[in-house]
Every structure is written in structure tokens, then in C-alpha cells.
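Undergrad: Chain residues, written in single-letter form:
2 protein chains.
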Amino acid sequence: MGTQLHEIDFTDLSNNSLDLFTISNVNIGSKWLWIHFSAVYIVTIFICYQLYNEYKYISSERIAYFYSSKPQPHQFTILVRGIPVSVCSSVSESVETFFTEFHPTTYLSHMVVHRTSKLRNLINEAKTLSKRLLHLQSEPSQHTYRHIGLFGQRVDLVDHYGKKLVDIEQSVRLEQSNVSLAEETRAAFVSFKSRYGAAIAFHLPQSTNPTQWVTEQAPEPDDVYWPFFSSSFMRTWISKLVVIVACILLTILFLIPVVVVQGLTNLSQLETWLPFLKSILTITFFGQVITGYLPNLILQLFLKIVPPIMEFLSSIQGYISHSDIEKSACKKVLWFTIWNIFFATVFSGSVLSKVSIFLEPKNIPAKLAVAVPAQASFFIAYVVTSGWTSISSELFRIIPLIFSLVTRCCKNTDELEVPSLPYHRDIPKILFFGLLGITYFFLAPLILPFLLAYLCLAYIIFSNQFINVYMPKYETAGKFWPIVHNSMIFSLVLMHAIAIGIFTLKKLSIASTLLFPLPVLTLLFNAYCRKRFLPIFIAYPAEVLIKKDKEEASVPAMAEFYDKLVTAYRDPALMPIQYSVNSESLNRPLMSSADF
Amino acid sequence: MGTQLHEIDFTDLSNNSLDLFTISNVNIGSKWLWIHFSAVYIVTIFICYQLYNEYKYISSERIAYFYSSKPQPHQFTILVRGIPVSVCSSVSESVETFFTEFHPTTYLSHMVVHRTSKLRNLINEAKTLSKRLLHLQSEPSQHTYRHIGLFGQRVDLVDHYGKKLVDIEQSVRLEQSNVSLAEETRAAFVSFKSRYGAAIAFHLPQSTNPTQWVTEQAPEPDDVYWPFFSSSFMRTWISKLVVIVACILLTILFLIPVVVVQGLTNLSQLETWLPFLKSILTITFFGQVITGYLPNLILQLFLKIVPPIMEFLSSIQGYISHSDIEKSACKKVLWFTIWNIFFATVFSGSVLSKVSIFLEPKNIPAKLAVAVPAQASFFIAYVVTSGWTSISSELFRIIPLIFSLVTRCCKNTDELEVPSLPYHRDIPKILFFGLLGITYFFLAPLILPFLLAYLCLAYIIFSNQFINVYMPKYETAGKFWPIVHNSMIFSLVLMHAIAIGIFTLKKLSIASTLLFPLPVLTLLFNAYCRKRFLPIFIAYPAEVLIKKDKEEASVPAMAEFYDKLVTAYRDPALMPIQYSVNSESLNRPLMSSADF
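So the sequences go chain by chain: Z and R. Yeah, the first sequence ends on 596 if you go by full-length UniProt numbering, and it's all consecutive. Yeah, the second sequence ends on 596 if you go by full-length UniProt numbering, and it's all consecutive.
Worth flagging that the hints you see were computed from the coordinates, not collected in a lab. Mixed in with the good hints, there may be bad ones.
SDA-like cross-link-like pairs, simulated, lysine to any residue; straight-line CA separation at most 25 angstroms [unchecked claim]: (1) R:K362 with Z:P361; (2) R:K531 with Z:P361; (3) Z:K547 with R:E101; (4) Z:K531 with R:Y562; (5) Z:K240 with R:N526; (6) R:K362 with Z:L250; (7) Z:K118 with Z:T105; (8) R:K531 with Z:M575; (9) Z:K367 with R:F358; (10) Z:K550 with R:T128; (11) R:K56 with Z:S30.
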């Protein structure tokens, strides 16, 4: 069940003009192929050189950013999971005992994580109610009355909502005191007096049982993903495994429902469903456009829901921060895109036959060499239809606009939240165009001007969006770069596999033999980069931490910062709430910590 | 170029009696196969349960050993490589500056590593000479005179050697002072005041450039492998890559020379070379034995040189201690054995055809299912011929005996060094019999009594050898167990692959489908064990280190220990030597630190 359905029309329409510029016009054994061969070498070396420089630049920027940053709670804090509890002590006591014993000089405080899903629902309810109340109060002329029940008396809505809000606040307070006593998870944020102290606790294995006292770096306080907080090692591990399996299944089987829906939209089916279109569909041009574009449109719509699905899967995988969830979702969407757009288009046939290709690694280059060049014109069209349009729609943000208009009508609020860029939606998209450029540049160079136009557009539009539209929800500190790097390396190796296949196909076996070292060298280059740069993206080195700690040792503001640090990782659901009395300061306590 | 040559005779001889008990007698689609099926499940679960218990036991023993150990230099020391040096400072100054700045409270001292290969040769020369001198002096009646040169005068040998020794010692001292000034490598042993301090420096990335200040745990001082001391990150990395490639090539291509030599030993060839054997060879029995065993003997002799080769390869891979070299060689020999005895026997045909089997992972079970049961009788014979004989020869240590007799005759020394067990030779051997047991127990259960006999023998003999013969050169502290664990897991998964193939071959596709979860579950079990136990085998956790440090904080003997620690990692080649004057204390300074 490939996506051949929708691409046939593309290639039919464009074959005549575009195929002039593809490698299929080069004769078997032609000397011209050596130009392609040298192009493969030169471009690989050039890209690797650029990747190296960029990795170096970004890692130095990352260090520079750290040096210039103010003291931030997440630099001083780690998250500890799998806290063992003895019979007669609480989680909090257990943490206190452990860290005062083993990290006496650096340990500052801790904050045990609670299960607050119930509480969070109550608070959301209170929040909505108070908003409605505020809206009613702000327009005193519109004080409305309503019948309660079928035969009930008329009541003042402001009065009614006010009472209800007080009730909810009461139960929130009750629940809060319950939660803080009973529903402790076996996880806690532990803060230290220095960055170096936190780093020591993070890097060193703490316990003789490596599944207990598992440490990881804490995210920024506003970045913590409170809802799903799996604390035990086994649960995190199992949910991770389940999510990986779910992801692989989704990635492999995604096209089945898509193709089924696409199959329902053939001409005759459309005519039966929407008879009024009959007259239009009989015109050949419209018929072609609809059968050509409708399946593509359906695919695009299905693809739109993938980033949220992947984000959801990542969120139940046990990550503790929005940033980690987005990073993980970004990887998932990237592999999904490469599989479901590149490989699904290139290899027609059933899902199983596609999977089986990868079970015979020896034949991959040969199969790629046959299938990839055949789809050149489809992908050129794809750059235009999907790339150009998506980047332009990014500028106008039509869907968020409609969505915001609709919600503003319904909810009667004037609130405007500044959006943040969904990295897991946009990075894979751009990287996929990078993959197309790298794999097709020597097969069908005509794709390059289209891609260049896309990239220029993307650069201008995203620059604008970053400056004027989006506000980052968290500081990435360059942590997404390794994904970009790995994706480029994968593109290069894929391109080498295709090139080896092509040269074998064109009976230029010397060239294909001479190409063999290239993927090996590229992978070695990648291995070197992993050793040279990746550690900086995982954790800051001791040198940097100690220098930064020393710099601030004498700053008087630090005492104040430590005071803040102690409560920085408090669950926003456990903060005292006050909506009913003072309606002026509405939302403040929640907004300051949870929404931004 | 398989080893079919030599196994044909085995199977011919034994087919009649042994094949009665193999799975090939079970009819296609027979109900009896379900017994094999359940045996596969039960044995897998049993082995995994045992592996879990054993891993748990050994890791707890490892911790207990650490708690009970006296303070040892390697617990307080790390090795730092890739030390950056500025223009105007030496390596030693650079280390001093770095660690006093970043680890001021815990840093104790350091010892820069020097290039001493030249010096080591000189010292060896002096050592040999002094031994000879001692031998001559101890038997004054045998004072011999010798002509120097063709027409030279007669000289007193004691006098002659004495003078020569003084000369060499002179140049050693000169060289020592040179070396300690000039030939510094960019590596140093850095000692700390506490185990925890050393662990912090080991675990935390030190520098903004992860290829500089690369830290690793120091080995025991006597375990340090001084000769090959690659200090820069790039050199270590490249030599590692080269060694891996060399190992793979050796493993894959090893059989080519073996088969060529084996081919030279067919009957007619032997008769031309050794005509006096002609009369014996014409007797059918002798002919059969020779053509059957001679190729096998040649294979065995070739196999004997593999552990030293692998040890050599590991030693140039950049490991810093004999124990690491042996551990790495142990893994190499294990894979070599599995490839060159198991797979080479099972899959006949050229090397390339064997490699190509692994390029089509889908077909591996089917091919295994056909080939593995056919070799059952060969492997039963192998257990007897190779296993039983090798373990008995271990008891008598014939080769070391002959070797020691020969050297004693030549060298005239009465010295007896206590040997240490070459783990990299014996562990792979035993593990390979484990692999045979696991893969053949349901194909040809007749192998089990033979294996049992082997294992009982091995247990008794090795117990004896450990108590009475060998002396460990270093404390392994259970570090070899993960190799055993991984090898067992590999054997299980291999057995599952064979079982799936067999059930497909016997047209019992439900059984083969039902087996699919088993390898997945086994690998998950392994992944869990890696998380649960492996970290303990890499480094001791903070909890243990801090407790141990605290225990000893008040012990007065620690001051003395610190004094020793400062000089513990001195290169033995840089120690002052004195052979010529005081012949009583010969060898002492060297023996105490370098030989044991």
C-alpha cells in the first residue's frame, strides 16, 4: 500500500520537462559518470567540513551562554528517582538522610514530587470559573440572571459563580493538605549550594543498586512536565519500551489507513458522494487536479496529526520536561518523515515488502539505485507543493489564527498567549528537505534551485517569526543541534548507498568500489564528532562549573537566590490559590510559574 | 574453505551410533516436537534465572570485597590523558596547576608518565648480566676464562661481566636523568586524598574540550602496562580502530592459511614427503586416523597461537593495564572461537559465502536449522577430543614444563616464577563449551553427558590449579563476569534462532511463531541486567566510596599510606638500580613492583 496513488499524476505531468536533467539520461558506462562520482566526494567532504565547524561553533556558543547566564535554579538542582523508603520513614526523610550523609557540604534542600492530577483538575476548574467571573464583573451592565434547574429560581450569576468558586477553593485547600501528606512519589528535586555539587551528584552513581537513587539533570522550573511523573525505575523503563514499540508500529503501519482513505476518493466514488461535483469532474483538467491533489491533501492532513501524536508518546515515555519531550518527539517525527515520505514513496508495494528490504542489507543499494531516481520529479514537485506552501502558511499562521478567533468567540476572554515554536514539527520538516537535497543533488540537480528558494524563504520567514511572533518556552542552549548533525550524517550515508547502487547499475564498478570508503569515513567522522562535541551537549564540564561557581561565590545576591531556590521546584498545583476575594490579582500565582 | 576436511572422518566414524539421538530422527510435523519446544522455553527461563542470581551474587561480592579491602593506591588514583601543555610549561606543571585549581581539597600528587622503552631495554640487559654474574659468583670453583675475540687474551669472566655491568648501570643512570627531564608523555597518574575525590575526577568531564583531560580509573601499580603508553586522544582512538579492523580480518580470514596447510597433509603428499611412513599408511586404520586427526591437530596448533596474537592486538589498542588487556583479549578470543569453530564448522564453503550469510539476517535461522544439527556428532567428538584433552593437559601443564626445563638448561638459573592464569585463553574455551551445550541440548541431547563430564573435570582441575599452581597477577574483582553473562545471552539467542529455523523446517510453524517472543524477552532481560548490575562493575557507587573513606578517616596508618601513594605509580624503569656492588639484594627493586 504505497503512496504511488498520488504521485503517478505528478510524474505524468512533469516527466517530459524534468527528466531531461536526471542521471537516467547518462549512458551506461559513460565517462560523464566520473563527474557524478567526484561530485559525491567533494560534496561529502564539504558537508562534513561544514558540520564540523558548525558543531564546534555551537558547542563554544553553548559554553559561552552558560558563562554569561545568571544563576538559575536548574543549574543547582538534580532530579532523583527511585528513592528507596524504609518502613517507618517518608520519602522526604529518606532524601534528607541520604544527602546530608553523603553530600553534607553541598546539599541545600529538596522538594518531593507529589501526585497532583486530581488537584490539577480542581485548580483548572477554579481558574476557568474565576475567568468567567472576572469577565462578568468587568461588565457590570451585563449582570445576567439564569434559571437554575428546570423550575429553579432566578439567581445572580456573579453570586452563583462566586459561591461555587469558594467551594472549589475550599476543596482545593483540603486536597492540597491531603496530597502533601499522603501522595508522595518516589522522586524529588534536590538542590545544592553549587553547580559543581549538583554535577557531582548527577554524574556519580549513588547507590549500590543502580536502579535506586537514579539522578538526572533538573529542567528549568517552568519547563517541568508535572502531569506524568513516573518515579520508579521499572515503570520508566517499561513505558519507554512500550512507547518505542508503539512508535515503530505507528511509523511502519501509518500508511495503511491513509491509503484506505485515499482509495475512497477516486473519481467515481466522489461522484456518488457529491453528485453536484459531477459536471466539474467531467472536465479533464479538474479531474486530473482532484485525483492528483486530493490524495496528497489527505496525506498532508494525516501528517499534520503526527507531531502531536509523537509528542504525546514522548510525554508518556517518562521525560520530566517539556524540552525533553519535544526533543524526543523531534527525533520520532524525523524518522517518521524519512520512513513515510522518503522510503514509502521510493519503494512501492506493501508495508511488509518495504520492511523486508531492510532485512537484506546487501541489496539495499541496488534497490535504492533503481527506485530513487525514478521519483526525482515527484520530490521536486514535493518541494514546491509541500515545502513552499508550508513555509508560507507558517508566515500567516492561518490555523492558529482561526483557532484563536473561534476560542475568543466562545470563551469571551481577551487573553493572548504568546506562542512558542513547536520544534518537533518544524525541525524534521527542514531536515527532510536537507535529506532530499543531499540524496538528489547528483541524481537530479534540478531540485537544487527549488530547495535553495525554499531554504531562503525559510530563513527569512523563521527569522521574522522568531523576532516578532514566537517566544521560547524554555532555553534550548543548542541541545537540538546533535539531532540536526545526526540527520545530516544519515543523509550522507544514504546518498552514498544510492551512489554505490547507481554506479553498479551503470556498469561503472570501479567507481562503486572507490565509493565504499566514503560511508565508512563519514561514519568515522561522526564517531569522532560524538567524542569531541557531544559530551558538551550532555553536561557542562567541571572546569566551566567550578569557574562559574567561583565567580559568584562573593556575589551578595546569592543568599537571596538560595532562598528562592528552596521553593523553585514546588509543584504549581500545591501553591496556595486565591481567586475568590481579590479578583484584581487573578491568575498571577499560576501564570508566573506554570504558563510561561 | 571450511574445516569440512577434517570433520568428515569424524562424522563418518560416528554417524551410525550418535545420530540415533538427534532431532533429525523426529518426523516432520510430529507431536514430539512440542517437547523440544517446551524444553527450549524451560531451559531459557532456567538459565536466565540462574544468570540473574549469579550476576546479583557476584555484584554483591564485588561490593563486599571493596568494603573489606585495605587502602590501595589504585582506589585513590586516576589516569589522565590528553593533557594540554602551554608553550612555557611542562606537563607536570600543567597537571599541578589544573588539579590545584579545580580539585583543591582532594588533590594529593601526580606522577607524569615518561617514554622509557630505551631505558627498559638497558635495564633488562643489566638484569640478565647481573643474573649471570651472580650465577658465576655463587659457584666460585667454576670461575671460567674465555678468549675475547678470535686472538684476544684470556679474561676472568666475573671481572669482565662486572665491568660491563658497571658500564650499563652508568648509561642507565644517564638515561634516567635524561628521560625524567625530556621524554614526558601527555599522561599522568593523579592521586587524591580520598577515594571519593578520585571518583569525582573520574566521572566528571573535566575540560571544555572532551578530548583533553580524559580521565580513567588507574589500575593497580603492578598491573600498569608501561611499554605502550599512547597518551593523545587521537592516537588512542586510531589505534583502537586499526586493532578492531585487524581483529575482524584475522577472525574472518584465519581459516585460509589453516586450510592450505591442512591441504598439504593428504595421504599421497605425506607419502612423498615421508617415504618411511608408506608401509604404515597403507594400513587402513592408520590412514584413517592420520587423515582424520592430522588436519585437526594442525587446526589446534594454529588455534594455540590465537590468544597471544589477540593479547598483542589488545596491548597496542591503548589499554593501560595487563588486566584490561587480558579482558579485551578474552572478548576477542571468544568471538574468534565462536566464529572459527562454531560457524566455520557449521557453514561449509568459502569465507565470503560465510560472511554473506550474515548480510541476509532473514535467512539465518533457516540456514542454521539445516547446518547445525548436521554437525552434532562432530561437536560431541569435539567435546571429547578438544575439551577433555585440553583440560587434562591443563592439569599437567606439559608445555610450560618443557619450556621451563629447556630455559633452565640454557640459562642456568634456579629462579621459579609463579605463573598466573591466562584468563583470555581459558575463559573463552569454557564459554564455548557452554555455547555448545545451550545450542545442542535439544538437537542432540547426547552431548550433555560429555559436557557434564568436561565441566566436572574442569571444576576439579581448575580448583586445584587455583589453590596450588597459579597466583593471580592482579585482582579481577569480578570484572570478567559481564563477559560470561553476555556470552550466555548470545548462546541463548543463537539457540532460539536455530530452534525457530528447526520448527519451520519441520513444518511446525505455530511453534516457530510462538518462539519469536523468546529472543526478544531474553534480550530485554539482558538489557535489564545491564541497567541493574553492569554499572557496579564499571565503578563503585558514591555511597560505598564515602562510607569506606569515612571508616578510614580516623585510622592513623593513613598518613603512612599517603606517603607511599605519592610514589606508587613511579615507572619501575626510573627507579634507581644497583646490581653491581651489592649482589645480595639482586632483583629486589624490580621484582617488588614490576614482576608481581
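Undergrad: Take the hints in turn and mark each one as holding or not.
TA: Hint-by-hint comparison with the structure:
Pair hint R:K362 plus Z:P361 holds up; C-alpha atoms about 10 angstroms apart against a cutoff of 25 angstroms. Restraint check: the Cα-Cα separation between R:K531 and Z:P361 comes to about 30 angstroms, which exceeds 25 angstroms; the hinted pair is violated. Proximity of Z:K547 to R:E101 is assessed by CA-CA distance (about 9 angstroms); at most 25 angstroms being required, the pair is judged to hold. Note on Z:K531 and R:Y562: the hinted pairing is violated, with a Cα-Cα distance of about 35 angstroms set against a maximum of 25 angstroms.
For the hint linking Z:K240 to R:N526, the alpha-carbon distance of about 16 angstroms falls within 25 angstroms, and the restraint holds. Of the supplied pair hints, the one linking R:K362 and Z:L250 holds, its CA atoms being roughly 22 angstroms apart against a limit of 25 angstroms. Between Z:K118 and Z:T105 the CA atoms are separated by roughly 38 angstroms; this puts the pair beyond 25 angstroms, and the hint is violated. Proposed proximity of R:K531 and Z:M575 is contradicted: the alpha carbons are some 37 angstroms apart, above 25 angstroms.
Only pairs whose Cα atoms come within 25 angstroms are accepted, and Z:K367 paired with R:F358 is accepted, the gap being roughly 19 angstroms. For the hint linking Z:K550 to R:T128, the alpha-carbon distance of about 56 angstroms lies beyond 25 angstroms, and the restraint is violated. For the hint linking R:K56 to Z:S30, the alpha-carbon distance of about 64 angstroms lies beyond 25 angstroms, and the restraint is violated.
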